[in-house]
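Student: The opening residue of the sequence shown carries number 1 in full-length UniProt numbering; numbering runs sequentially from there.
Quick caveat, the hints were computed from the structure, so don't treat them as lab data. These numbers come from a predicted model, not from an experiment. No false leads were mixed into what you were given.
Pair ranges (Cβ atoms, derived): (1) G86 - G116: 32 to 42 Å; (2) N85 - F56: 34 to 44 Å; (3) S63 - T84: 21 to 31 Å; (4) F92 - E46: 55 to 65 Å; (5) F92 - R118: 28 to 38 Å; (6) G72 - R102: 28 to 38 Å; (7) F26 - R58: 40 to 50 Å; (8) L140 - S96: 57 to 67 Å; (9) S74 - E46: 26 to 36 Å; (10) R44 - E65: 27 to 37 Å; (11) F48 - V22: 29 to 39 Å.
Glycine included, every Cβ here is placed at the ideal spot set by N, Cα and C.
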Amino acid sequence: MNVFTVQAVNVLNVFTLQVVNVLNVFTLQVVNVLIVFYGTSGERFERFHGRSGERFERFHGRSGERFERFHGRSGERFDRFHGTNGERFDRFYGTSGERFERFHSTSGERFHGTSGERFERFMVEAVNVLNVFMMEAVNL
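Given only the sequences and the hints, what does the whole structure look like? Please build it.
Tutor: Encoded structure:
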C-alpha cells in the first residue's frame, strides 16, 4: 500500500508539474506574442508620442536654436550692432595707412621732397653759389 501510495503521489506530482510547465510555457508564449506585436507599454507610448524631449524639441526646437532663431548668435548680435573688431578700430582710428600718413605725411616727401624737387633745389643752390662767387670775383 505504501508503495502504491508513493507511486500515485509521484505520478500526480509529475502530472501537476507537466501541467504547470505547459501553462507557464503557454503564458510566456502569449506574453511574447503580445510584446512582439504591441511592444512594451513604454515602447508603445514612445512609438505613438515620441519621447518627451523629442516632442518638445519637435514643436519648439532646442533652447539654443530658439534663442538663436529669434536673437541670432551672440557674436552675430554684437557684430550687427557694433561691427567687427577691425571695422570698429578703422572707424575710430582710420586704416593703418591713413593713420601713418596723418601723423607722418608720406615718409619720403616730408623729409626730402620728391627726387625731382631735391635735384632742382640742389641746382638752384649751386647756381646761387656760383653767382655769388662770380659777383665776388668781378668785384675784385
